[in-house]
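A.B. asks: Sequences are here, hints too, so could you generate the full structure?
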Amino acid sequence: MTEPGIARSVDPRTFADQPQEMLWQSIDDSLAMPAGDVAEIQLAAVRKRFEEMREKLPPLATLAAENGIAGIAELNAAASLLFKHSVYKSYPVSIIEKARFDRMTQWLGNLTTQDLSGVRTDGLESIDDWHDVLLRDAGLRIIHTTGTSGKLSFLPRGSADAPLQLRSGRLSQERIGGPEPRGLDKVPMIVVGSRTMFNGYGAQIESFVKDLYGGDESLLHTMDRGRMSADVLSLAGRLAAADNRGELGRSQISPAILKRLDQYVEAQKTGPERRARFFDTIFDKLHGQRVMMAGNWGMYYEMLEAGRQRGLQQVFSPESHFVCSGGAKGKVLPDGYREDITAFLGIPEMPESYGMSELVSLMPKCAAGNYHALPWMLVFVLDPHSGQPAPRSGTHTGRFGVIDLAYQTRWGGVLSGDEVTMTFGKCACGIEGPHIGAVRRYSEKEGGDDKITCAGAPEAHDNALAFLAELD
Amino acid sequence: MSDRTFRVPLVIRGTVIEDKLVSHGGRGGGVSFESPEVAPHVERLAMANPSAMADLYDLRFAEILDYLDTLGERLAPAKNAWMEEAFELSCRTSGLGHEILKPMYDTMGESLRKGALREVAENTIGVDYLEGWVEQRLEQGLLSRKRAFGARSVHVVAGNAPGTSVLTVARNAITRGDAIIKTPSNDPLTAAAVARTMIEMAPDHPLTRHLSVAYWKGGDTGVEEALYKPRHVEKIVAWGGMASIKHIARYIQPGIELIALDPKLSSTIIGEEAFVDEAAMASVAQALAMDGGALNQEACVNARVVWVQSGTDAAGIARLKRLGQMTYDAIQALPPAISGPAVRLDPALADEIEALQMGGGDWYHVIGGGRAGAVIVSQMDEPVDFAPLLANRVLNLVPVDDIDTPVRAVTSYTQTIGIYPESLKRELRDRLAIHGAQRLVSLGHAIGMPNHGLQDAIEPWRRMCRWIVEEEAPR
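Residue numbers (the working numbering), protein chains in the order written: chain A, 1 to 472; chain B, 1 to 475.
By construction, these hints were calculated from the structure, which means they are not laboratory data. Glycine included, every Cβ here is placed at the ideal spot set by N, Cα and C.
Derived pair list, reagent style DSBU-like, types lysine-lysine, alpha-carbon separation capped at 30 Å:
#	chain 1	residue 1	chain 2	residue 2
1	A	Lys331	B	Lys246
2	A	Lys269	B	Lys246
3	B	Lys217	A	Lys331
4	B	Lys321	A	Lys56
5	A	Lys285	A	Lys331
6	B	Lys102	B	Lys114
7	A	Lys426	A	Lys48
8	A	Lys98	B	Lys321
9	A	Lys269	A	Lys259
Taking CB as the label site, the calculated pair distances span:
#	chain 1	residue 1	chain 2	residue 2	range
10	A	Glu305	B	Pro336	54 to 62 Å
11	B	Gln332	A	Asp102	35 to 43 Å
12	B	Ile434	A	Leu333	47 to 55 Å
13	A	Leu333	B	Leu258	36 to 44 Å
C.D. replies: Structure below.
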């Protein structure tokens, strides 16, 4: 039986009609596609996706109408069809407080082509319950993200898109210019998180266990066996919203939820120790082995610190698959951290990638240090003030936007909060196609950090909930 | 506008210092300016010797009023190059825009009129207390005599409201204080311009000699550690909440009093009487537009969340949408000197509104959007989750059946509540105050600072004084 999720033969003639087929190529084959071919395929594909979805997704129809888009004349015309991330959290938090998951399901139905008519919401009391029921009754998996405000966004992933999950996870482990990793169905996976999560990470775990390991949980090593509750993650936002609504708001938070907050705050206080203990167990069990793990620099540095205490070095096999995305998540790391981490882990170098939860897969970093858009990603650079897309040649700096053409059940167009410097053309590494050099988060405040204004809302200074900003 | 570097002087009690300039600002949206380093002058800036306040007590109250009145007449940018410069800088940083700032600067001196200042001093301090010892007989024959003296203070003023600099000068002068105004990077010049005008007008006058204006970056320990000691400073008046307090907080100790004029938001409550007829609706829409749109909704007093007793059934929502449209139209019709399109759109707010327009249709109806502003009509009795972000002339109208709902939503951050009709204001005022509200006004009159002397539930004029008592035991 062939190993699940490995590349298979694909027919390029199907790409315009079935853009998700491109994921089944190796990374190198994807990146070797001539830029002109890619542009042609993308234009046909984005038109097809748009036509399929505009009637089924009212927000897309509204966006198209507001921007006067009847058809997509050329690639850059599609730049007007990008959702702000906030579309996926355009529900009132109070609907969750009131446990009106019928209305949440109705709202969600506007954002997915999946049929949600069979979803039974009676008696649901929590977001976690709702996630389970959506999966059970409609085959729809929620991928939630958390902002620092604590209000959850809910990205729907329909059943037609589920098979892409394992494939994209495997793609993220493929190095540009390297062979496709094999035998991953025998490689243990390390997860600094819970077994059950309804975020991007959790969707990944689920697909690896079910599709790659064939249901065998023994190769999965998670820090917590249980579930990371979406209800608790959303608490910071709900409490802040309640505070803003005075007595009226506070009365609506269920005492049961408030009690769970105390438990979780306690658990988070012991977070660093629990992670250190988990790393210890991992070092004991998996020392010298080939392993898989996805993380960010901050997390890997914590791992290094835990191992250093025991005098460990080159802990895992150099054939291991570590991937890194998301930067240092706000932590300041000492000079030389990259070399220290790779030496500690025992790998020659750390593959890095750039992306966001909205994308089916990430953009790999090349030898020249740039992140390359894969052919199913229709990328844009937009002027942060006018929203106009930059010409599709040369180098431009602006807001990153992308339409992920791989998705069949959701509109893949999203406008990010990142500023990127992107080049449409040939990279120093030899690959031709859009590639990103620099990325930074747009700050919400504009210049002058010493400005004082007297109008505004109280800032939440609940340190107990500060940990929530680090999760995702 | 072309790139221009402004020069911001350091003014210490009648002396203007402009050497050893350091560059500041210039990052995305801010202006760049040069200002002398303050740390080398901190010994002079700090007033270690309180006896130097004595010259202020040679002045009678009437003389203080005369000085300020004369000063006020000299502040119009047309005849004052320093104020003109301050105005130009504000145009670049402020969310108010040129059309609003021009008349604001042109009339800034009016807050220094004799009549206005006499009224507020009398209402909030009592002129007798400023001028002498006011005697009172207490039980068992004890005599107490109280007098209001001035304090050595630092004022960290707001940059989004240039008038706060002039107000601070007035408060300091009336209370016979010594003030160091620490300016913010978004308005480093208005206070300095006033100080320079004072020097030009009366260089040796005690009131001129008890005002300093300095820009230093908040958190600069080279300045703050030396300055914020109880023997140098008795009171710190801080506008701007956490941003300014954050640096100051660690210096607060016995001997230094903090008067926090921190950021607030405001609310609006409109009773069912608004729907009695077309004329009532039209006049409510006008008044609400004024409260929401004036000063481009940049002020703490502006309306943001508007609770309306329209009813929450289909008919109620329909009439609320109509009121919403009328209000939106009225905002667009406000004269440019009062209100205009957003100078700088808040991207986070814009994203939220756009998201509602795309995906929130079940719950919210958005009228307008973009630079012109918007009226978001909630279709249930809940404000939008991002209500604290409301700005750029965006109002959120929320339907209610029961007037109790908005009362329970009041918090201690609710400063001004515009209420219609008058009878409702009278009916609710005690409960609103108990819930935390601080200022209750007639709808349409949220903007303004009349001479009653109260602000944010305190009496800042009074708080700026040191209240001294002389006691005489009965014989």
